[in-house]
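J.: Given the sequences, and given the hints that come with them, work out the whole structure.
Counting from 2, one number per residue, gives the positions in the sequence shown under my numbering.
Some hints could be false.
EDC-like mimics (lysine to aspartate or glutamate), calculated; alpha carbons at most 16 Å apart, straight line [to be verified]:
#	residue 1	residue 2
1	Lys452	Asp380
2	Lys150	Asp267
3	Lys226	Glu582
4	Lys423	Asp393
Rather than coming from a laboratory, the hints here were simulated on the basis of the structure.
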Amino acid sequence: MINKQLIDPDSIVVVGGSNDKSKIGGALIKNLTEHNFKGTIYAVNPKETEVQGFRCFQSAEQVPDVEMAIICVAASYVKATVEELANHKNCKAFIILSAGFAEMGEEGHKLQDEILAVIDKNAGALIGPNCIGVLTQSYAGIFAGPIPKLDPQGCDFVCASGATAAWIVEKGMLMGLSFSSIFTVGNSAQIGVEDVVQYWDETFDPQTSSKIKLFYIESVSQPQKLLKHASSLISKGCRIAAIKSGSSEAGSRAVTSHTGALASPDRAVDALFRKAGIVRCHGKEDLVTSAAVFCQPELKGKRIAIITQAGGPGVMLTDALEAGGLQVPPLEGPDSEALLAKLFPGSSVANPIDFLATGTPAHVAHTIDAVNDKFDNIDGMAVIFGSTGLTDISEALTVISEKTLTSKKPVYTILPSVVTGKREADDFQALGNVSFSDEVLFARALAAVAKTPQPAEQVALPGIDLAAIRSIIESCEDGYLAPEKVQALLDAAGIDRAGEAVVASKADAVKKAVELGFPVVMKVVGPVHKSDVGGVVLNIKNTATVADEFERMIKIADTTAILIQPMLSGTELFVGAKHEENFGHMILCGLGGVFIEILHDTAAELSPVSTSLAAEMIQSLKSYKIIQGARGQKGVDEQKFAEAISRLSALCQAAPEIKELDLNPLLGSMARVVAVDSRIRIEQDKVQQVSRVNGKSTKVAMETTTHCANGALSSVA
Numbered sequence: 002m003i004n005k006q007l008i009d010p011d012s013i014v015v016v017g018g019s020n021d022k023s024k025i026g027g028a029l030i031k032n033l034t035e036h037n038f039k040g041t042i043y044a045v046n047p048k049e050t051e052v053q054g055f056r057c058f059q060s061a062e063q064v065p066d067v068e069m070a071i072i073c074v075a076a077s078y079v080k081a082t083v084e085e086l087a088n089h090k091n092c093k094a095f096i097i098l099s100a101g102f103a104e105m106g107e108e109g110h111k112l113q114d115e116i117l118a119v120i121d122k123n124a125g126a127l128i129g130p131n132c133i134g135v136l137t138q139s140y141a142g143i144f145a146g147p148i149p150k151l152d153p154q155g156c157d158f159v160c161a162s163g164a165t166a167a168w169i170v171e172k173g174m175l176m177g178l179s180f181s182s183i184f185t186v187g188n189s190a191q192i193g194v195e196d197v198v199q200y201w202d203e204t205f206d207p208q209t210s211s212k213i214k215l216f217y218i219e220s221v222s223q224p225q226k227l228l229k230h231a232s233s234l235i236s237k238g239c240r241i242a243a244i245k246s247g248s249s250e251a252g253s254r255a256v257t258s259h260t261g262a263l264a265s266p267d268r269a270v271d272a273l274f275r276k277a278g279i280v281r282c283h284g285k286e287d288l289v290t291s292a293a294v295f296c297q298p299e300l301k302g303k304r305i306a307i308i309t310q311a312g313g314p315g316v317m318l319t320d321a322l323e324a325g326g327l328q329v330p331p332l333e334g335p336d337s338e339a340l341l342a343k344l345f346p347g348s349s350v351a352n353p354i355d356f357l358a359t360g361t362p363a364h365v366a367h368t369i370d371a372v373n374d375k376f377d378n379i380d381g382m383a384v385i386f387g388s389t390g391l392t393d394i395s396e397a398l399t400v401i402s403e404k405t406l407t408s409k410k411p412v413y414t415i416l417p418s419v420v421t422g423k424r425e426a427d428d429f430q431a432l433g434n435v436s437f438s439d440e441v442l443f444a445r446a447l448a449a450v451a452k453t454p455q456p457a458e459q460v461a462l463p464g465i466d467l468a469a470i471r472s473i474i475e476s477c478e479d480g481y482l483a484p485e486k487v488q489a490l491l492d493a494a495g496i497d498r499a500g501e502a503v504v505a506s507k508a509d510a511v512k513k514a515v516e517l518g519f520p521v522v523m524k525v526v527g528p529v530h531k532s533d534v535g536g537v538v539l540n541i542k543n544t545a546t547v548a549d550e551f552e553r554m555i556k557i558a559d560t561t562a563i564l565i566q567p568m569l570s571g572t573e574l575f576v577g578a579k580h581e582e583n584f585g586h587m588i589l590c591g592l593g594g595v596f597i598e599i600l601h602d603t604a605a606e607l608s609p610v611s612t613s614l615a616a617e618m619i620q621s622l623k624s625y626k627i628i629q630g631a632r633g634q635k636g637v638d639e640q641k642f643a644e645a646i647s648r649l650s651a652l653c654q655a656a657p658e659i660k661e662l663d664l665n666p667l668l669g670s671m672a673r674v675v676a677v678d679s680r681i682r683i684e685q686d687k688v689q690q691v692s693r694v695n696g697k698s699t700k701v702a703m704e705t706t707t708h709c710a711n712g713a714l715s716s717v718a
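T.: Next comes the structure, spelled out in structure tokens:
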């Protein structure tokens, strides 16, 4: 619970305060003093009576009433200190810097929970333990430096790791970033990243609040809360970039279906960020570079002009922009010739615009003006200006600064001379500008920002027979469903499927094959990968072959029956669902059959998935041209394919018990998209154990209402 005392306290006690500024307690008081905290400061240290000019008490019992405590003593002393301050000193906000809690094992976790219980009982706020503190516009309650420039319109930053926060802030300062607030949440015993984002959303003021939000996340424990509040902030005009670390696939659990092998928690994070509109970053440089991109007006297109005094950086930037899906279009015609006439001989205006190392500040000004006023095929410009150390480039950077303020198009300034041009770059940033030092990192961040979609809108899902789905699911036991149950679920969801029969005798096999009509397909029921064990036979044209194949196939290990379907043709497609803990269902699509394992070309989104989003998934596939129809092959009705994806999402929304679902393959043509092989695995337990939330293990009942987050389900007769 973030409260006023945590954000803007009138009084702070530093438990473990020190006169030695090289110690954590000493650095804290130094930072509070030097960064204009206006309230009262106390210290607790049994060895001192005064700390850096402030009154010091030998124990927490002696402290007068105080609004906030910043605690940096050994873990074994923290609980008694919190009990005294919370129960007897009216303290409502705690920042526990000390380590030795949940990160150390079960005993530490127990101690952390006991401390949290005391704070919760007194309606207090807790940051940490195991963090480096908090910085707001009111106080610098943080011990690790450097302390950045504070600006209400600077970046709001929440970080799961204290040391990482310090290094990210340092990187940002080198680019000219300022900060509005910094929260390092450490163990997140009470307040985690998602809770800080919620606070930013619920207190957002369009006139005064920062519009740049940065996250460093190690575990997304409350994805729906993050989705809700990040989406809300972006809809209010904010821009968000985030690192989610821990993306390795190592150690992921073994699974038994195609979808389970392809879906992963990290893909769920990707899908969550896309749905929220968050720019995903993969390192400190990416994060702060994205923040610097946010500091400029939003790029309205993909076409960039490069203005440079050196050919090499211009070429590298061109390559990186094009690789990221942006464009560096040529500049031609009379306006191009007019610009060239204003530059020194030997210059080039083809784009990149190279005005040579001898180019003057006036040349820079002419070029920026021309790109603004004369070239409608340009949406933004990147200016690369370095220094050899032989000349002062201050005048040129002043011109760039002035032009940036008045430019109709975003101007991104790249200053590669981090040593020879450091003084001038510092002066440029002192004017309120941000700058980039590496053209490739800039291009990568700009491309990531440009292709991150806006938050997903309210999702309307197709109508399904909700009552039938619930009746089927509630009648089933855990595990893979019998074919007839799968068929009934697909019918209730309105997903087109092939006619089929499940048989357990040779006589029934022959009878059903005749009824379905030759040619037919026979498949084993039981084994997961049917083709691997000889469990699929295609294009059977007579009853004798049906009888022979039944006798062979029924002997295959784990086979319980034989599935018979009419032989259909079309492009093999795949649609699947995988339940990710906390996130809900991931919906996947791609080419089906063996191609799914060979190409690994799938698109994934978090449910609910509308037909329009499903269409975007299809179009994002590398194999999309095959779906459209290539080299004389007929294509697939994309609308029907998208509807199948959306109906599968609706099925999962209605039946959260579904853990894995494969429709592989569906056969797609311009006439229909029909499921010919399906597997569904469920877990009936309606109460799921979830990870610790707010420091406590909780159990959450699984809802099966007709209305779901960001989407609605409707029953049909």
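J.: Hints first: check each against the structure and report whether it holds.
T.: Taking the hints in turn, this is what the structure says about them:
no.	hint	in the structure
1	Lys452 / Asp380	15 Å, holds
2	Lys150 / Asp267	34 Å, violated
3	Lys226 / Glu582	14 Å, holds
4	Lys423 / Asp393	11 Å, holds
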